[in-house]
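In case you want the letters, here they are:
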Amino acid sequence: MTDELIRTVNLTKIYGAGEVAVRALDGVNLTVAAGEFLAVMGPSGCGKSTLLNLLGALDRPTSGEVWVAGENLARLKNVDAFRAKTVGFVFQLHNLLPTLTALENVEVPMQGHLSASKRRMRARELLALVGLADRDAALPNQLSGGQRQRVAVARALANSPALLLADEPTGSLDSQSGEEILALLAGLNRTQGTTILIVTHDRRVAQATQRIVRMSDGRIISDHRLDDPLEEDLRTLANSRLGQAILEHNGVALKHLCPDERIALQRLLERLADRG
Amino acid sequence: MILKNLWRRPMRSLLTILGIAIGVATVVSLGAMAEGMIRNYGTVVGLSNDLLVIQANALDPLFSTLDEEMALRIQAVPGVEAVDPGIYTWIATEEMPFFLIFGYPPGSAAAAHYRIVAGKPVTGPKQIALGRRAAESLKKTVDDTVRLYGVPYRIVGIYETGQGMEESGGLVTLADGQEIAQKPRKVSLFQVAVRQKSDINQVKQRIETLDKTLSVNIASEYNAAEQYAGLMQGYAWGIAAVAIIVGGLGMMNAMVMSVLERTREIGTLRALGWRRRQIVMMILGEAVMLSLIGGVVGVAIGVGLTELAASAPGVGAFMEGIYSAGLFAQGLFTAFFLGMIGGAYPAWRAANLLPVESLRYEGGSSADSARRFRLTFGGQALRNLWRRRTRTILSATGIGIGVATLVMLASMSKGIMGQLNLLAGSGSPGNITLMQKKVADLSLSTLDERMVAQIQAMPGVKSVSPFLMGFVMSADMPFFLIGGIDPNSSAMAHYRLVEGRSIARPNEILIGKTAAKNYKVGIGDTLTLYDNRYRIVGLYETGVAYEDGGCIMALREAQRLLNRPRSLSFIFVDVIDPDQVEAVRAALERRFPEAQVSLSSQFAQDTDSQKQLDAMIAVIGGLAMLVGGIVVANTMMMSIYERTREIGTLRALGWPKRRILGQVVQESLWLCLVAGAFGSCFGVITVWGMSRLPFADAIIAVSWDAQTFANAIGIALVVGLLASFYPAWRASRLQPVEALRYE
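Top to bottom, those sequences are chains A and B. Here the first sequence is numbered in numbering that gives the first Met the number 0, starting from 0 and rising by one per residue. Here the second sequence is numbered in numbering that gives the first Met the number 0, starting from 0 and rising by one per residue.
Watch out, some of these pointers could steer you wrong.
Unchecked claim - In silico SDA-like cross-links for lysine to any residue, where the CA-CA straight-line distance does not exceed 20 Å:
1. 656/B / 110/A
2. 84/A / 658/B
3. 656/B / 119/A
4. 119/B / 107/B
5. 656/B / 73/A
6. 84/A / 119/B
7. 656/B / 80/A
8. 76/A / 657/B
9. 84/A / 656/B
Source of the hints: derived by calculation from the structure; they are not laboratory data. All figures in this text were calculated on a predicted structure; none of them were measured in a lab.
Chain B with its partners taken away, still in its complex shape:
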């Protein structure tokens, strides 16, 4: 009986299954990708020895910087057999947004990890061995050249390691790696071979006592991504949750419709002596059946999507999925859960129908209040929506969640980017920002300190402010920005002191008002950053969320603390005549080809971070809108089934097909417009709520503009239009004779 009931409306069942399937597919594919990312990323440094030494407190080897000379001290530790220094960094190229660079001394045990399958190993300067995937993405082979920051490297070999991310990079000599990473005489890590494997724990302890800046890990136990794992899984779930909620609403909607449509039938069953429990079981059974089919389809789609993503050129290796039985179980459980939740309300409604009333039910209730919509301005469409309020609300919520997601993400992204433009007070007209070209992440930007003096001497330049940026990300301090700034530079004016005095000594810092509030510290207190203690001498306010949630200190001290001597993240240039800003920018670009020179007001827009953020928003928003669109299409299908006789009547009265078509499309558009408006409000409220969470004010910056809302509602309308095509076409194709006879 359950199957027959579902088969009665194959289109509706199909759309419902599809809605659920997309939710489940999201769970499966994002889950698999997160798992793969955690596992792959954790071992990407090419572990080939017993111990891995990196900088203590570094988020992962990418952010780790150690002195090259440390190798000699480690070598002297009893029990150590060999020490291989290594460099590990990311750069962005046209074809590969994340191109990994590994630098190891030729012939070392660490370099041997990269098994050459074509050509020969790297033996000298300006040679590179490419990973198999990188070679495919770059469409290069042995004896070709690749340019890294403009420097040509000859491809001498192709390697494999069996690990997707490693194979998305290239191996160079240590010295070349240092040059690419802009870390002269520095390394990212040491790989240490132990003489006696049984001594491994003692050797680890001995190295750790050498210097407190060292963190020593046993290679077989090491996973750099452990601290990201929770974050990444949470992230995957967050995105999936949007799809799940929307899919669940679609399910509830379909079941409510199914119950309404069968009101008479249910009345008959009750009159024939069926118990309420039997009715509830029937409706729940249908819901669970639909959702489980959706679950299975979703798992299949999820696996397919993951495989597709993993084969994408350039970035595929970062999306390689790892599947586990648990993940599939999670997907199916999600589907089952959706079925139960989505079926519960309709089942309750069905069970509580009075037999007498449901037998008398004719379908198409119409409240007096429907009259409030005038016939003009799409009144008929609005009344049809009003007629089935539950359905309208459910489907509007579906599409509304999509709109809310878009509004939320877009406003936060704009906020963050807008604030980035204001970093260190650089946003005023006539300001130029320099950063390193083609870095994968803003925090990796490295510029030579000597550029400051050179720029200062250029014509048209009023002042130059160097800036070094670092972060603390720990359990106690989820996001704490460290700004290194020259206390005598003009950028200092940006940090408006609200209390205390300015920095006079290296161990003094100023902290932002938000940070003072979040960490409950004030003037005279000390703050410990990477085992260094600093005295707070003043509080400042800038209006930029992450500056107010962090601290600033003297540039020299920041360079020492972050182990980046003589290097800078950004240089802010103030020109004398704002009208000449473009000319100065062009001059800077010519003089420093390694730097990306932007007008400060559009600096963030020029970065790759912006592009990545936009792409992410497009994916999440697209997903939510896709599921929302399916819900709307389903609703419109149900609406025209229900009104088959009405449509037949209209056709008999001489309404042309396009008029019927227009009405269905109009109804869908109204639905999406209303949903868009409510979704926008919901998005605003959610962002406001999120910004009130503890510590969130140090990260979340919101920027509202009409464009965001216009975009979101515009997309909702496009979805409404697309989703109404098939139902509208179906409606217009109804034969009047058959439609009039329809029961």
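This is chain A alone, in the form it adopts within the complex:
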């Protein structure tokens, strides 16, 4: 692929050693093209946050390679510059600095890279982009949860990163604020072309993206594009307990369906399962 942004090769991360060693990531191979909007899904402890930390150069792999924007992160010399310029982070808890105003929080990653006046200008642009132009002087505790997360998004975009990493960005928000943030991220991906990787355990969040990578026990178990929403719904159904029951027990649990319907459903699910 010409504009490949992320590539991991047999990426493995082991915490601890010996008896208590935990394989958080176990030979993960993932490739992401520039401009993608994807979600990494899975239950807690599946290794999705570890993957995010490795992609953001917050942590180093035990073995394997991780390339982001042409840089081998295991051999990175200036980690700080990479964090500041190549990636942007949005955390579950906004993690804004409580003593700084919204505008100043957005300026933080630009300190040491841009002059004060340029920082201020850029921060204002970004706040306008996330729809908070009028709240620039507010302190974090004067903003709602959704507004704080929008400031955090603006902060992540400060140095125009090639990659935006978001760890459960809607995790601490009510459903309406959560949808607003997802719409904001989708809009950024569409209009600015920013590559966005969201880590989540929430199916609805994942469905707002274009590609879903499912993980379990440190491995990728499925990776597919969301070209057809109907297909995704069926896939969800196939993975559900109901779907599993139909596939494994040949429909014995579905007595109240007529035979034709049962056969049709079973055939559909089998085909989906084959495609994997």
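Mind docking chain B on chain A? Use the hints.
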């Protein structure tokens, strides 16, 4: 539970303990030294006989002067077996700032007190036996020579007495002692042996009635330092108090932090039904536990410091400590007290937390007013300090007290020294001051009166003013300077008469305005000094605090009153051409090698008193700053613990380590700068308050200059820098992943 809570933050507990320990160590070591000084100094004259006779009203034997012939009169008193005259003085040498000289007739009972352990006893002129400690300090042994005021003395023996201060001196013959002390035909004391021990009280009374200038003491009951005891203990406590207050603030700070950090926990405990009293007991328990550990550590450090000081070459004997159970109890009680006081406010705060609110607490309050600091000019650091105002105020007070102490002491020292330069109006350009070389104390300076005429005849000299200085220090007159001055000399112009007339007769004196006010006397009244009555004929003003708090009288009369005939303390020389002052000074120095010749404007700076004062200020200020530094380090540690997630976020956003490092250092520097500014103000106010105390205006002279403040604030900044190193390093080393996960 209490121990677990303390163990949760080992670094903070450690720093808090250290803060307390230093306070306690100060109490213990200064207390032990004061006790040792009182006990050692009190018996330093080498008491070996039944009675000790010294000059009445003399502060101690060092200042006592009696006529040698008095021995014959005492010998004639019924019941007296033997009389040993003795000389006792201090001189300063390069190696030993306080070298004690004892002069006794060879072979006398008093001389036998100095038990020779090497060589042989002193038998003739220009021989000296050195005390064991003095020999060690001077690195001399038998058959070497030492020079005292340029005169070589052969070391014939080394003695021991079992008393540290005595062993820091040397024994010479009485005649040599008189020469060294510049007291021809005079002695400091008589040691009297009584024929029948049971008659001792009658003999004492008989000698006392001989002459009213005599003070007779029973040797076994004698302690010269009794009158100093209170002063010295007060002094020790004063210094210790600074360390204690700062340590206590550190304790309060640590406990407030601990409470804030555990707000949720305390809320949970309250929700689970804990009573307020239980919460208070828990927090107080933690505070007392910390302070008691600090107390024990402090006692150990205190003993260690005292032992270290006592083994210092040259001056060690003056710092030998004497420990008592009471002293240790005092140290531990101090610690306990600090724990209770330091824990009280945090405990009250913890107990008054509303369960509902504390459960909702997330840490990191931020007031709107935080916005007043712009992001530039260290705004972020200032906001972080503002975020935790209580903590900031407590730690700023800690370091501020240190700064205040430095400002206070330095300004008072400069004031006193500055005034010394103005003594008898000598401070104007073209003036030279002469005093005896190498004396341990200004008041011990002795010059021969005949020098005045010799100097007068030298080229370039305009006028010469002799000056004899003495003091009264008693309960009624805490500090009263007696100046003996030639009424016809040019120095007389310095004492500007504001009322009355000048001195015409020996029994007339002029007193300073401050003295008139303090002792409520005026023209026509009489003043009694050492049992002599003087009529006040005039009031003067000089602008020099201790001159205005004392009196002046005719030189002859002062010499008689202070029993220092034909001797002077200082000679002030006025030159004809101020441009030639250096040449005249050099000529005087060549002509009188025994004298220290200084330009009057820097006379005080040349004295040992200045060096001692500076050393003392350095010790006290250093102590206060050390404890203050620990408090600041503790605060910065707490600050970074609390902001671990924030630091993780900043690292994730690409802030390099040195930026984080810089921010923590900046925060510490701001803290110390603010503290330095407030501390300076506090110092100024305290000095002003002290100078308003009764009689203080006769002693305290203050000199403010920018240098003092710059020094104090500069030191505070250095402390801030040092104290922030470890926390800043810790902060910069935080792994972003772990910091982000930190709760």
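Results of checking the hints against the structure:
no. : hint          : verdict
1   : 656/B / 110/A : holds, 13 Å
2   : 84/A / 658/B  : holds, 16 Å
3   : 656/B / 119/A : violated, 24 Å
4   : 119/B / 107/B : holds, 15 Å
5   : 656/B / 73/A  : holds, 19 Å
6   : 84/A / 119/B  : violated, 87 Å
7   : 656/B / 80/A  : holds, 11 Å
8   : 76/A / 657/B  : holds, 16 Å
9   : 84/A / 656/B  : holds, 16 Å
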